[in-house]
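Asks: Residues per chain, in single letters:
There are 2 protein chains.
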Amino acid sequence: MKVVSAIKRVPEDIQTRLKENFNEVEFLFCHGIEEAERYLKEADVFITYGEDLNPERIKQARQLKWIMVLSAGLDKMPFQEIQQRGILVTNVRGIHAEPMAEYAISMLLQVSRNAKAYVEFEKNHEWNRRMINQEISGRTMVVLGTGAIAQGVARLAQAFRMKTIGVSRSGNSKPHFDETYKVEELHQVLDQGEYVVAVLPSTKDTQYLLNLDHFKAMPDHAIFLNMGRGDLVQSDVILQAVQNSYIAHAVLDVFEEEPLPEDHPFWEEEKVTITPHTSGQSPGYVPRGFEIFEENLHTFLNKKGELKNKIDPKRGY
Amino acid sequence: MKVVSAIKRVPEDIQTRLKENFNEVEFLFCHGIEEAERYLKEADVFITYGEDLNPERIKQARQLKWIMVLSAGLDKMPFQEIQQRGILVTNVRGIHAEPMAEYAISMLLQVSRNAKAYVEFEKNHEWNRRMINQEISGRTMVVLGTGAIAQGVARLAQAFRMKTIGVSRSGNSKPHFDETYKVEELHQVLDQGEYVVAVLPSTKDTQYLLNLDHFKAMPDHAIFLNMGRGDLVQSDVILQAVQNSYIAHAVLDVFEEEPLPEDHPFWEEEKVTITPHTSGQSPGYVPRGFEIFEENLHTFLNKKGELKNKIDPKRGY
Numbered sequence: 001m002k003v004v005s006a007i008k009r010v011p012e013d014i015q016t017r018l019k020e021n022f023n024e025v026e027f028l029f030c031h032g033i034e035e036a037e038r039y040l041k042e043a044d045v046f047i048t049y050g051e052d053l054n055p056e057r058i059k060q061a062r063q064l065k066w067i068m069v070l071s072a073g074l075d076k077m078p079f080q081e082i083q084q085r086g087i088l089v090t091n092v093r094g095i096h097a098e099p100m101a102e103y104a105i106s107m108l109l110q111v112s113r114n115a116k117a118y119v120e121f122e123k124n125h126e127w128n129r130r131m132i133n134q135e136i137s138g139r140t141m142v143v144l145g146t147g148a149i150a151q152g153v154a155r156l157a158q159a160f161r162m163k164t165i166g167v168s169r170s171g172n173s174k175p176h177f178d179e180t181y182k183v184e185e186l187h188q189v190l191d192q193g194e195y196v197v198a199v200l201p202s203t204k205d206t207q208y209l210l211n212l213d214h215f216k217a218m219p220d221h222a223i224f225l226n227m228g229r230g231d232l233v234q235s236d237v238i239l240q241a242v243q244n245s246y247i248a249h250a251v252l253d254v255f256e257e258e259p260l261p262e263d264h265p266f267w268e269e270e271k272v273t274i275t276p277h278t279s280g281q282s283p284g285y286v287p288r289g290f291e292i293f294e295e296n297l298h299t300f301l302n303k304k305g306e307l308k309n310k311i312d313p314k315r316g317y
Numbered sequence: 001m002k003v004v005s006a007i008k009r010v011p012e013d014i015q016t017r018l019k020e021n022f023n024e025v026e027f028l029f030c031h032g033i034e035e036a037e038r039y040l041k042e043a044d045v046f047i048t049y050g051e052d053l054n055p056e057r058i059k060q061a062r063q064l065k066w067i068m069v070l071s072a073g074l075d076k077m078p079f080q081e082i083q084q085r086g087i088l089v090t091n092v093r094g095i096h097a098e099p100m101a102e103y104a105i106s107m108l109l110q111v112s113r114n115a116k117a118y119v120e121f122e123k124n125h126e127w128n129r130r131m132i133n134q135e136i137s138g139r140t141m142v143v144l145g146t147g148a149i150a151q152g153v154a155r156l157a158q159a160f161r162m163k164t165i166g167v168s169r170s171g172n173s174k175p176h177f178d179e180t181y182k183v184e185e186l187h188q189v190l191d192q193g194e195y196v197v198a199v200l201p202s203t204k205d206t207q208y209l210l211n212l213d214h215f216k217a218m219p220d221h222a223i224f225l226n227m228g229r230g231d232l233v234q235s236d237v238i239l240q241a242v243q244n245s246y247i248a249h250a251v252l253d254v255f256e257e258e259p260l261p262e263d264h265p266f267w268e269e270e271k272v273t274i275t276p277h278t279s280g281q282s283p284g285y286v287p288r289g290f291e292i293f294e295e296n297l298h299t300f301l302n303k304k305g306e307l308k309n310k311i312d313p314k315r316g317y
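Chains as they are written, first to last, in this note's numbering: chain A, 1 to 317; chain V, 1 to 317.
Treat the hints with caution; some may be incorrect.
[As the list claims (entries may be wrong)] The calculated SDA-like cross-link candidates involving lysine to any residue, where the alpha carbons are at most 20 Å apart (straight line), are:
1. A:K271 to V:R93
2. V:K116 to A:K59
3. V:K8 to V:E24
4. A:K123 to V:A117
5. V:K116 to A:H277
6. A:K59 to A:E35
7. V:K308 to V:R93
8. V:K41 to V:M1
9. A:K271 to V:V119
Source of the hints: derived by calculation from the structure; they are not laboratory data.
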């Protein structure tokens, strides 16, 4: 049994632990696909971020029975070839919930509490107590999405004694949400959205779902945060929303075009805070991913139980 | 019955609500002590921040039966005269717990997640994904203090799935702390303190309680946050701790000298983040203070029940 990993810089302690826990398995930890490619034809299991596979490589990997994707996104996987060969695919769905929830709360606190102004005061050696720092505690948050990440945000928001409202296709009630509504009811709840957090994936239903009327419906002290996908709303709509003071601020981690072009007006807009698609980044990412892998490897070797986060190659998720 | 308030800028809605709810009471909302002083001799109840009273004014206030202090600090109250006259004193103890807990979590997130660097990238229109953002989730927090504010911080920390360790004089277990220790045991727990939050008041026991050895005992990635009192530790000790990398960063809201002098080395130290004693500031402060007052006014008028936050003038707390 041979496991080939194309994940760069897997920490030594993880490599050692896997080798110790699975004596019968040969592990090859490679530094990226260029190195891993040489061993593909012997691999029974392949560990990847999912962006380096193509039909040709699947063909090369004659022994391949299982692909472990250390990512939630699977857009680039050659599912047709995978399906034909009956290769198993699992991913790390849910792994982003904790860092992304922490990101959202962190950014909302930062904007509400004037972090940028204090950075400036510090630079100027200025003892300035005139800022009014808003609290997030006790306010109302509307989350667009009610999945694992959305629930993670709502869970923390509730710890801050916020009221949490979730909006999803079904409108079904979900943990950590005080109330949930259907997307069609979005307009009814936006006037409560002092904090509006979008964690929607990009699908035909969510593309450009938000328009200027949605921002007009929010309170004028609202802070909008998007860490889902950049095509939820046009950049220009966000600019109009903040420049006309329909809302107070926008925190953006995702954009229509990434990297955000150097001359994009967002950079200069005071009421926009930009992070470079880092909401899901975490030093705990690889360790957590390999924990899921290890659990699945036990299942795979023992040939009983259900693999975690198994993907249906027909649907692609 | 006359209530005189020296609190500046009491929101209209609070004034209206009190007048409506207490028909039998005459309220005089004054803009500070200069204006309030004129009415002191008729006041049955006086509302103050507690810094404007002196023995002379207590003497003038011949009718005074109750002083409501809209503050937690009572250092400047003329307790001798108050005690002689048998005047009741209440304060707003506990009112800082929520904003200060939010402040602490906000600042720890901000430092752990490199907020200052992202502010800089934004200024430079720089899409930089190379920063490693540490998570607070799952880490360990040591809180010096286990009172209302400390518990508020620990409660939020637990929501982030942090382990919380409290240190107090008694070492008694308290809500939201996984473990509690006595001050004498401080050294044993500091090596676990990835986040060390100080919320101790200034007493003879806490003055200069921390020395360089304490910082040496913390992990070198520790972030130290002081929002208690500035005389917990010498400025120079903090500077040495960060400059010698005994700890990674210090977040300071309180200082030995306030305002922090313009030429103080803290301002230029990259590993120090300064806020100008604003951790307890909150736009909800006055409303929450008047909620406590209103509750107490009912008790006071009905002459039954126990006043909230009643102070013993002999002890001064």
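Asks: Please write out, lowest number first, the hints stated earlier that are contradicted by the structure.
Replies: 1, 2, 3
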